[in-house]
Amino acid sequence: MQYKGFLFCARSKEIKYSCSCQWCIYNQIKQSACTFAAMSAVMITRKVTRKWEKLPGKNTFCCDGRVMMARQKGVFYLTLFLIIGTCSLFFAFECPYLAVHLSPAIPVFAVLLFVFVMAMLLRTSFSDPGVLPRALPEEANFIEMEIEAANGNVLAGQRPPPRIKNVQINNQIVKLKYCYTCKIFRPPRASHCSICDNCVDRFDHHCPWVGNCVGKRNYRYFYLFTLSLSLLTIYIFAFDIVHVVLRSVDSGFHVVSLTPHCTVLEVLVCFFTLWSVVGLTGFHTYLISLNQTTNEDIKGSWSGKNRVQNPYSHKNIIENCCEVLCGPTYPSVLDRRGVMLEDSTSPNPSDASTHKSSNPVSQTTVRQHFL
Amino acid sequence: MSYCHDPLNFKCQITNSYPHFHNLQELHHSASLATKVFIQRDYSDSTICKFQTKFPAELDSRIERSLFEETVKTLNCYYGEAEKIGGQSYLEGCLACATAYIIFLCMETRYEKILKKISMYIQEQNEKIYAPRGLLLTDPIERGMRVVSFANTWDVFLSVGTTLKELCTIYKL
Numbered sequence: 001m002q003y004k005g006f007l008f009c010a011r012s013k014e015i016k017y018s019c020s021c022q023w024c025i026y027n028q029i030k031q032s033a034c035t036f037a038a039m040s041a042v043m044i045t046r047k048v049t050r051k052w053e054k055l056p057g058k059n060t061f062c063c064d065g066r067v068m069m070a071r072q073k074g075v076f077y078l079t080l081f082l083i084i085g086t087c088s089l090f091f092a093f094e095c096p097y098l099a100v101h102l103s104p105a106i107p108v109f110a111v112l113l114f115v116f117v118m119a120m121l122l123r124t125s126f127s128d129p130g131v132l133p134r135a136l137p138e139e140a141n142f143i144e145m146e147i148e149a150a151n152g153n154v155l156a157g158q159r160p161p162p163r164i165k166n167v168q169i170n171n172q173i174v175k176l177k178y179c180y181t182c183k184i185f186r187p188p189r190a191s192h193c194s195i196c197d198n199c200v201d202r203f204d205h206h207c208p209w210v211g212n213c214v215g216k217r218n219y220r221y222f223y224l225f226t227l228s229l230s231l232l233t234i235y236i237f238a239f240d241i242v243h244v245v246l247r248s249v250d251s252g253f254h255v256v257s258l259t260p261h262c263t264v265l266e267v268l269v270c271f272f273t274l275w276s277v278v279g280l281t282g283f284h285t286y287l288i289s290l291n292q293t294t295n296e297d298i299k300g301s302w303s304g305k306n307r308v309q310n311p312y313s314h315k316n317i318i319e320n321c322c323e324v325l326c327g328p329t330y331p332s333v334l335d336r337r338g339v340m341l342e343d344s345t346s347p348n349p350s351d352a353s354t355h356k357s358s359n360p361v362s363q364t365t366v367r368q369h370f371l
Numbered sequence: 001m002s003y004c005h006d007p008l009n010f011k012c013q014i015t016n017s018y019p020h021f022h023n024l025q026e027l028h029h030s031a032s033l034a035t036k037v038f039i040q041r042d043y044s045d046s047t048i049c050k051f052q053t054k055f056p057a058e059l060d061s062r063i064e065r066s067l068f069e070e071t072v073k074t075l076n077c078y079y080g081e082a083e084k085i086g087g088q089s090y091l092e093g094c095l096a097c098a099t100a101y102i103i104f105l106c107m108e109t110r111y112e113k114i115l116k117k118i119s120m121y122i123q124e125q126n127e128k129i130y131a132p133r134g135l136l137l138t139d140p141i142e143r144g145m146r147v148v149s150f151a152n153t154w155d156v157f158l159s160v161g162t163t164l165k166e167l168c169t170i171y172k173l
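In order, the protein sequences belong to chains A and B. Note that UniProt numbering numbers the first sequence so that position 122 is 122, with each residue one more than the last. Note that UniProt numbering numbers the second sequence so that position 161 is 161, with each residue one more than the last.
Simulated from the structure, these hints should not be mistaken for lab results. Please read these numbers as outputs of a predicted model, since none were measured by experiment. Note that CB positions come from ideal geometry on N, CA and C, so glycine has one too. Do not take every clue at face value.
[Said to hold, decoys possible] If you want the footprint, here are the derived chain A segments under chain B, 3+ residues with CB under 8 Å:
| hint | stretch |
| --- | --- |
| 1 | 105-119 |
| 2 | 130-142 |
| 3 | 317-327 |
| 4 | 330-340 |
Between the sequences and the hints, there should be enough to build the whole structure, so can you do that?
Have a look at this one:
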């Protein structure tokens, strides 16, 4: 507590000019943090560097760090084009006829389904899949020291042993591998995506159609996207057939000449999409019921040989589905929108960010966990 | 110069008050952590967020074992509560799914609420227990939920001071 240049130290209950006891040092840190917060708030209105601009890895960011995607987005644009294109044709040409001759609920339901599909697609593509941030230098050194202590003396010329940690999960030994890029021991079920150059928690696969990795945070949105897209494809396909049949019944069985080109196009797109998307949905339903990831399935981690079983499965299909689809929404640990120092004077810019991120009492950073 | 700081008793032998330093050099010479200490994750209960309660040797002279264990156990309880799969998480999941997850743009999720409680708890622990012993605890979310780290108060103070100074120079304040 300060008053007219004097300081009251709550610990020693004395009034003095200055005090360097731990309590007063802590209070000064807090005060500095508050000043920093106030200054950061002012500076957010000016052009500041946000942390996403300096994040390692091969991701692209949009909307000032709110949107996070992989670098190659071409196939994602194709997905968008196919969905929006086919649905526009359906709404423009089929729906007026069907609404009048059958029921107005048909286009309404189609619109709802379309909105759901787009919401799930955008949520999967734009959110953080569960990227694990790389270890800061201090943490990396600490881990190196632990590894060296564990390995003991390695003779010169001999290769050091592989960096593996064994942990026991539900009476099963699981090996945690060391990631040389991120300088961490990967948590169980995490894997390094070579396309995005990040370690992702509960890594499933990298999906080019969605333009992002599929991991812990966005797996349920990906599954709901494939499920709803299957339903939408079946719906449009079915009503296209109904539309053609109704028209031919109305105008006397001249099916070929009366079928408009757009209906043919829709039927073709839906037919080819159906096989792949429905198949994919079925495959992921199978994985969810066993609580496995695509990555584990491909590698055959829990295939049953050597009596190795999946330690994460609850041995109950309903429980596995509930955990994956109705589990808690995990926060993003990548602070994309935090303010970083725009440091042109310091010779080593990474030091500035280390100083900022090592401040444990900072309440300044606007953390957006759930995008 | 003589050191008045007795690292084992945490009290100054001359003035019989809590640790303080008569000059800067004494501060640097006193017992302090050479590097930060990191408490790793405990994966024995599958992939839920849990930290190891094993007391690290580097903190032996700085803090009592029971206080450390209590802090880590409370943090583990908070994270366990956040990641619990039960009635509330099902309700939240189903409601969010029905609204195509748009509701998350306006509503705070349960996990986010508990994360706020956790950072309040860490701040309280720092003020009451760790700062008087010259240590600072960091929130695991700042480290990707991988580690809980302990640092020297003085190191953090120096780094914060440098940060402010740099800010002032850059923005000419």
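For each hint given before, does the structure comply? Return the numbers of the non-compliant ones in rising order. none
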